Amino acid sequence: MFYREAGQFKTSYQSDQAIFPIAQDRWFVWGLVAFAFLVVPLFANQYLYAEVLIPVLILSIAAIGLNILTGYCGQLSLGTGGFMAVGAYAAYNLLLRVPETNLLVVFLFGGAMAMLVGVLFGIPSLRIKGFYLAVATLAAQFFLEWAFARVKWFTNYAPSGSVAVANLDLFGIPIQTPMQKYLFVLALAVVLALAAKNLVRGRLGRMWMATRDMDIAAEIIGIRPLHAKLSAFAVSSFYVGVAGALWAFLRLGSWEPLAFDINRSFQILFMIIIGGLGSILGSFLGAAFIVLVPIFLNQLPGWLGVPMSTALISHLEFMTFGAMIVFFLIVEPHGLARLWAIAKEKLRLWPFPY
Amino acid sequence: MLGPFLETLIGGLFTGVLYALVALGFVLIFKASGVFNFAQGAMVLFAALSVARLAEVMPLVLAVGFAIVIMVVLAYAIERLVLRPLVNQEGIILFMATLGIAYFLDGLGQTIWGSDIYKINLGIPKDPMFVLEQVFPGGLLIDREEVAAAAVCALLVAGLAVFFQVTRTGRALRAVADDHQAAQSVGIPLNYIWLIVWAVSGVVAIAAGMVWGSKLGVQFSISLVALKALPVLILGGFTSIPGAIVGGLIIGAGEKIAEVMLGPYLIRWFDLAGGGIENWFAYVLALIFLLFRPQGLFGERIIERI
Numbered sequence: 001m002f003y004r005e006a007g008q009f010k011t012s013y014q015s016d017q018a019i020f021p022i023a024q025d026r027w028f029v030w031g032l033v034a035f036a037f038l039v040v041p042l043f044a045n046q047y048l049y050a051e052v053l054i055p056v057l058i059l060s061i062a063a064i065g066l067n068i069l070t071g072y073c074g075q076l077s078l079g080t081g082g083f084m085a086v087g088a089y090a091a092y093n094l095l096l097r098v099p100e101t102n103l104l105v106v107f108l109f110g111g112a113m114a115m116l117v118g119v120l121f122g123i124p125s126l127r128i129k130g131f132y133l134a135v136a137t138l139a140a141q142f143f144l145e146w147a148f149a150r151v152k153w154f155t156n157y158a159p160s161g162s163v164a165v166a167n168l169d170l171f172g173i174p175i176q177t178p179m180q181k182y183l184f185v186l187a188l189a190v191v192l193a194l195a196a197k198n199l200v201r202g203r204l205g206r207m208w209m210a211t212r213d214m215d216i217a218a219e220i221i222g223i224r225p226l227h228a229k230l231s232a233f234a235v236s237s238f239y240v241g242v243a244g245a246l247w248a249f250l251r252l253g254s255w256e257p258l259a260f261d262i263n264r265s266f267q268i269l270f271m272i273i274i275g276g277l278g279s280i281l282g283s284f285l286g287a288a289f290i291v292l293v294p295i296f297l298n299q300l301p302g303w304l305g306v307p308m309s310t311a312l313i314s315h316l317e318f319m320t321f322g323a324m325i326v327f328f329l330i331v332e333p334h335g336l337a338r339l340w341a342i343a344k345e346k347l348r349l350w351p352f353p354y
Numbered sequence: 001m002l003g004p005f006l007e008t009l010i011g012g013l014f015t016g017v018l019y020a021l022v023a024l025g026f027v028l029i030f031k032a033s034g035v036f037n038f039a040q041g042a043m044v045l046f047a048a049l050s051v052a053r054l055a056e057v058m059p060l061v062l063a064v065g066f067a068i069v070i071m072v073v074l075a076y077a078i079e080r081l082v083l084r085p086l087v088n089q090e091g092i093i094l095f096m097a098t099l100g101i102a103y104f105l106d107g108l109g110q111t112i113w114g115s116d117i118y119k120i121n122l123g124i125p126k127d128p129m130f131v132l133e134q135v136f137p138g139g140l141l142i143d144r145e146e147v148a149a150a151a152v153c154a155l156l157v158a159g160l161a162v163f164f165q166v167t168r169t170g171r172a173l174r175a176v177a178d179d180h181q182a183a184q185s186v187g188i189p190l191n192y193i194w195l196i197v198w199a200v201s202g203v204v205a206i207a208a209g210m211v212w213g214s215k216l217g218v219q220f221s222i223s224l225v226a227l228k229a230l231p232v233l234i235l236g237g238f239t240s241i242p243g244a245i246v247g248g249l250i251i252g253a254g255e256k257i258a259e260v261m262l263g264p265y266l267i268r269w270f271d272l273a274g275g276g277i278e279n280w281f282a283y284v285l286a287l288i289f290l291l292f293r294p295q296g297l298f299g300e301r302i303i304e305r306i
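Sequence order for the protein chains is A and B.
If you count by the numbering used here, then the first sequence holds residues 1 to 354, one letter each, in order.
If you count by the numbering used here, then the second sequence holds residues 1 to 306, one letter each, in order.
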């Protein structure tokens, strides 16, 4: 009904390899992007921007990063929060010490520094894997968190240990109101998601996936594990670093290392498990889910008319996330992205499934 | 000079005993089911909360008894609701499932029992004691609770060793740890074995939780401190009970000594705002260790085939 690809013939390799080979998909994505750029700013209010749209988009970028490492290359990382912190503090220090730097360069620098640190902590992955690697990345998490809390140079000798940025602008256009921030983050998210989608469809992505599925077999057919794993760490950390800088600059404004503690790592890991391991779309769905559930839970007592303390709500949040993780791992290990694919498949045949 | 050093060392070793207690729970489950149980820390917190809150309304012994019942029920629920549907999945999927269990237990424990800081009073006098006063001036300062912790740990390990070596169930557990399929084919029920190991880990968690709780107070941070058991496992090897003990002692002593000996230099060289290298020392030590001996001190060497 909604999906009739009959009559859409692919007559060139180019059209066969397109990201969205079906015309309806293409229109839908274009429509969605246009809606996000043009229509959303017409009705969105301050709360929607600051609490929903901007966090979802920034965390989606981080989730894409982790998904490249964990979902595509199979290297479990619990150090995402630490790498986000590297991005945030690198960007802060560049802007602080060279104030005239273009904002885009600042964010890219944050990503690049996170990339360096990520590759450094990725080196052990050549010898170890699985849980061992998870512990190794925990080392990155705790060490980086500590470094940004203790080394005074990173925070410019701020007595409270917290740092702040203000009055950002890009090519002379200020990025200060929630709408401007939203549009900036949206543009960046679209570009980065497109780049990631193309990376995982290409040579690099195939190398990662072969390594994930069976690393020894991949090595035997001629994939260099050093190249595959470290490139996954590099690309992943770059995304995570950019997301960290965005989170610090545009979501928080002023922050301390606690904003990037281990719970942030778990939060992003949960996003890709619930959204779908090995799926760019899943990163967005997972980020939206994880951001929206606490908001929903906060509204719940009001709707039900049952008074609940904030502590109780935060505990319920923990329980919900835990239960959702187990539920998704058992029922649908490929997450929301897979559910979406199934829905699409069903719509293709509906209403005549035979 | 030697006196303070020895005090630091002893304090570190006792902290190490606590890490070892948590790591013991990990090892039991990993040996028998190949599940890397990230939820062990959450189980310690849950057990400690149960004991602390139950002890408010009944004698401590009775509270511990009830807590054991709770942990066994919990083990049954986990086996039934999480592990059984996920049987034959990859290790990493099971690991992430236990991450979910950890979050769930953290939330559940605090929803049922409350989230304030609670006290567990083991009836051990709090005043420190001094030993070897004739050897060192002023003697060495030792915490009685730490001695009690070490005793509990020794008792647990001895008990577990007897359980594993002598009893019928213990033999079955060792068989499962060796080879799942072979064990199953001689008629050992895997589900039952898993229930047993999770329950035993729950009991170990009660012991760990009580010792931690009486030392630090029962609070959420226990769940995070228990993460230190992970580097302990790396050092000791995932499948070795003696490894968990030795690893715990090395990590505990190492991080205390590093804090005292290395900390001041780091602060001076890098112009730090305070030390606190305890927070990451264990992990970085484990990371460096991994590069040279991935299977740990006592672990079995992994040979991979296609």
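If you're looking for bench data, these hints aren't it; they were derived computationally from the structure.
Everything numeric in this text was worked out from a predicted model, so none of it was measured.
Careful, some of the hints might be misleading.
Claimed, not checked - Once the Cα atoms are required to be at most 20 Å apart in a straight line, the calculated EDC-like pairs of lysine to aspartate or glutamate come out as:
1. A:Lys152 to B:Glu146
2. A:Lys152 to B:Glu278
3. A:Lys344 to A:Glu5
Earlier hints that do not hold, by number: 1
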